[in-house]
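Hints in hand, dock the two standalone chains.
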Amino acid sequence: MTALLNKLMHANESMNIDVGVGVEKLRQEAQKKVLQYGLPTLRDERWKYTSLKLLERREYPDSTDFDEAAAIQQANKIIGDLPSAGLVIFVGECCLLSLAPEWADSLSMLLSDASTGGQQALTADALVQDSSSDGFIWLNLTRATTGLIFNLPVDKSIEKPLHVVYLNQSNAQAWYLRHHWKLAGNSKLTIMEHQYYSGAGLGNIYRSIELGENSELNWLTVQQTGSEFVLLQHNHIQQQHNSLCKQLNLDLGARLARQETRVQLAEPEAGYRYAGLLLGQQRQHQDQHVQVNHEAVNCSSQQSYRTVLGGHARGVVNTAAKVATGADGSDVQQNTASMLLSNTAEMDAKPELEIYADEVVASHGATIGQLDEDAMFYLRSRGLNMDLARQMLVGGFVSNIVETIEADELRAYTEVLVRQQLEQML
Amino acid sequence: MLKIENLHVEVDGKEILKGLTLEVNPGEIHAVMGPNGAGKSTLGNVLAGRDGFEVTAGSIRFLGEDLLTLSPDERAIAGLFLAFQYPVAIPGVNNAYFLRTALNAQRTARGEPELDAMGFLKLAREQAGILDMDDKLLQRAVNDGFSGGEKKRNEILQMAILEPKLAVLDETDSGLDIDALRIVSQGVNRLRDPQRSMIVITHYQRLLDHIVPDVVHVLADGQIVASGDKSLAMKLEKEGYAWLKATKTASEALTLAS
Ligand SMILES: Nc1ncnc2c1ncn2[C@@H]1O[C@H](COP(=O)(O)OP(=O)(O)OP(=O)(O)O)[C@@H](O)[C@H]1O
Ligand SMILES: [Mg+2]
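Going down the list, the protein sequences come from chains A and B.
Quick note: this note's numbering has the first sequence finishing at residue 426, numbered continuously throughout.
Quick note: this note's numbering has the second sequence finishing at residue 1258, numbered continuously throughout.
What the hints contain is simulated information worked out from the structure, not anything from laboratory work.
Please read all numbers here as calculations on a predicted model, not as lab measurements.
Careful: at least some of the hints might be erroneous.
Partial selection, computed: residues in chain A whose CB lies under 8 angstroms from chain B [what the hints assert, rightly or not]:
no.	residue
1	47
2	375
3	385
4	397
For each residue, glycine too, the CB sits at the ideal point set by N, CA and C.
Okay, chain B solo, but in the shape it has when bound (with noise of 0.2 angstroms):
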């Protein structure tokens, strides 16, 4: 599905990502955890393609093809999608509208028939029920004025009606309260499906109770410093990144976690 090799990636001259290396099976979820900085949000912008940030050395594949030379759009009719840690306000466009045009603009680009305004609305309120998301969201203009939860749920619902191939959740459970995570962690789990993946990323344990990952990492100055099972996450928990930086070489942390 996807395979990312030591990749380097610049931005504004600074080197963010220092060679990192990740390779994600279908079907499989891989659970990004790391202390603030790390590069975790630059991993999904560089996934989806956002301009100023400068690979200068490695690779990325997805399902096969060269990542890199996709434009924004061109990645998300591929099936990438990115769950942005800060969704953004675009006042004036009806939220409904937007996706739908969204979801047009994959499924032509696929070849696959349109859906009318009709169609799109019973799939939306659909979703948005599962998600115990509040309908009148969808009328209004996406994102805007949205509190940080409703935000959060809003890519949710978005990534359900896409039904991208791989999803990326940068910190969707931040801004959560415990009952829409709970909701919000249903909705991603519904989703799973043998032919999707999904990369988590998060600070939080708690998250990886719902959304039971496959492989948990650690991104620690640019590179996956720690690589193991579930109980990776819950030593992180209990003990901080501080043991992370104790160790000098990532070699010496992989054999610590595991």
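In isolation and in its complexed conformation, chain A is listed as follows (with noise of 0.2 angstroms):
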């Protein structure tokens, strides 16, 4: 075992809390898994990229309290007029809860409370069904103690969306979420997510997603964490019969965000959109790895990303899909355009197929570039300096990702953040 891993395993071991039986038995399982994989190093394929060595410098100290009114105080702060049908709170692990009443029949519970829907949702669990030799999420099961769990019912709508705030007090630690996410037949759901750690922590975050047939999820996560923050997410999302998965994000924060999501397309023309943001300056390392399975005929995926990275910043995109035998009428689509704005940033795009049906349409692009000095000197003949116009024309650049959000509110509170993070990095 790694030293990194002894850290982690035994960290915090003072937070007991009662998972239930059944929950415990499935801990105990993925204990053993952690300890055969161990963690991920350079030599794995995906995360070739990624150096861990950040993480075996630091310590992972125990929790403190929290402040439960300052955390409230800071996460308003962050969502501000937004439409909101709903605000989960996570402070590290404890978690906060203010909800409108369309969602008192769907909100089973949180998983610490696991006497029932806990344990339902974790062995149902995609990750407990399927498997995976990435010791980070086998950890995040066996230290996961809270997370947001509901079912969505069939035919529900909820029209604002449920906002979920992402927060820490303490300053160097390492928590574990873990949610399960399910929207019944004909349900839809906007969830927005604001990731807004500080300090030297590390965030380990997996979510289980499964949607129903018909459903529809709008799911928008900004990640804007403190430039110390790691943050490893994994994501499984299961679909079925002609579901749909809007997935947008927003990678401007955190030293090493990397994110994994694999999408099951498992029912026909089920559909999956990825638009995605990364915006990296100094030393931060933005991490995506998407990859989809079309199982069923007649689904569809696009990936798109754009990458703006200056300064010593690096930028990794793995765009991936699989056609299996007999899913006819797949359409997937890829694409990466990323600009460096300087010599020593980093990008590595890496778009793979692998297509094993017949009648497929399938394209992928990936790009990289720089200013154009012919369109900087278009825009400054006009009158704009040099601040000015690479302002422009970056955010012309990155401008059809944002442009992707339908609600008119989040796009333009979207688009606040993407200017914001330029003017930064201009």
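Here it is, written out as structure tokens:
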């Protein structure tokens, strides 16, 4: 067992929450997996760009109490006047809830309340059924005591977004959250996540997402954690007939942010759309892996990324799709465009297509460029100074990602975040 | 307004302008004609301040100031405008937003009040109307997917809105159909003003029927080799540039032209 794994497995052991017998058994299984697989290294294909040295150097002390009022205040400040059907705040591994009445019949419970719902959720967990050799997600199962777990009932449609805010109040620690989101047939939901961790901590978040027939999930994540934070996330999305998942990720912060998403388009006509924006500066490392498996006929997936990197930032975008035998009528699109603002920034874009079906429409493209000098001159010749011209050019380059957000308020809100980040970078 | 003296310009170590002298007074329109590769666009680019065009000798004064010490944006703010031969597409940047930002950057720099979005849109629509330009082009990304003619109209629209003191129009006529040529020329003529000068670069005498110049110059091999009135353009139209090549010196050409 490596020193890092040892540190992480024994950090915060004092916080012993009774999770019930069923869950305890799962955890023991998970612990075996952790020991079997260990933590990933640069030799693992999916981790080959992502060094964990930083994590090894750090310590992960025990948790402290938290200030509820301060957390609520901070969360409300982040959300501002965005429309809202509820607010879930995670302060480290503690959770605060305030929900609109329409949620009353949907939100089951949190993981730590494992006597019934938490356990059900865990045993239905995609990870538990499936399997992965990534030690971090098994580590999550051994440690996580909290998460957002809900079943959105059949035909239920909640217009306004549910906001999930991630915060911490102690500095260097490791936190584990495990979500289970289930949308039943014909239901529709928007979730907006706001990740504002700070300090030199480690966040490990796992999400298991199931989308029933004809359901639709609009899922938007703003990752704007502090410049020393390490955030590791895994998502497993299972989609049934004609369901639609629209995922949008804005990676604006973190020292190291890595997210791996696996999508199973298990039944016909399921659709998955991913739009991602990576804005990196200084020594940030941002890493997105999305693997979509087309397992049934007439499914579609689109992955679209824009990356802008300055300073010594590093970006990794791995877009993978696999179309199984017989999954005819699949439509697969991947495109990644990156702009490097400095000679020391680095980008690895890795598109992968594996196609075993006969009738498939597939396209992928990856470009890496710099600020276009002709365009810069054109803008400046109209009176825009260097900074304004750069902001306008880069703003234009990334605009089509944010434009995919349909709700006006959410789009305007994210546009401001992106513009502020660019002003700071340029 | 503009005084260029003995201008020598190198690009990538190659001399393109070889002692160009040109003076433009307020209110004048000068046409610059000349064979492909003569250095016409180079002149426009040097005036606008593009990187990579190295002035090795000579001077350019604009409204009494040394133009060469100014950055491209400072030149625009001082009142210089270049309508590009090949306008650049800026994907993702809304045309109206770009133009408004440019106008307000110039206004702010001159200590004038900014124009708000509503006021700007009214102005832009009005000017687009004059150029018979589709309003929709204002809401598209700058020059992105514009047809050749649409790009040229968009350049003139920018000129009309920014109201420069000196405009350099680099082959604004090429790519325009006959009706568009007339409409765009009318747009340009509306901007004629005793305080505004223009340098109109073109290959075709036809444009000069619409925009009647005060002076016509022939730029060949990096120098002004002939200057005259409109009849010089007619002569070029009929005889091409071959007769220029036959003449040995610039002064000889000048005599020929007069
Ligand atoms: N970056 C460069 N490197 C080398 N030569 C260049 C460069 N840019 C321009 N030139 C050369 O400078 C010369 C003048 O070019 P310029 O574009 O000014 O010509 P022009 O008179 O505008 O021609 P046209 O009528 O075809 O538009 C040409 O021979 C061109 O190839
Ligand atoms: Mg030219």
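For each hint, the structure was consulted:
Against a cut-off of 8 angstroms between C-beta atoms, the interface hint on residue 47/A is violated, since the closest Cβ of chain B lies about 33 angstroms away. The interface hint given for residue 375/A holds, since its Cβ lies 5 angstroms from the closest Cβ of chain B, which is under the 8 angstroms cut-off. The beta carbon of residue 385/A comes within 5 angstroms of a beta carbon in chain B, closer than 8 angstroms, and the hint placing it at the interface holds. A least Cβ separation of about 6 angstroms between residue 397/A and chain B falls short of the 8 angstroms threshold, and the interface hint therefore holds.
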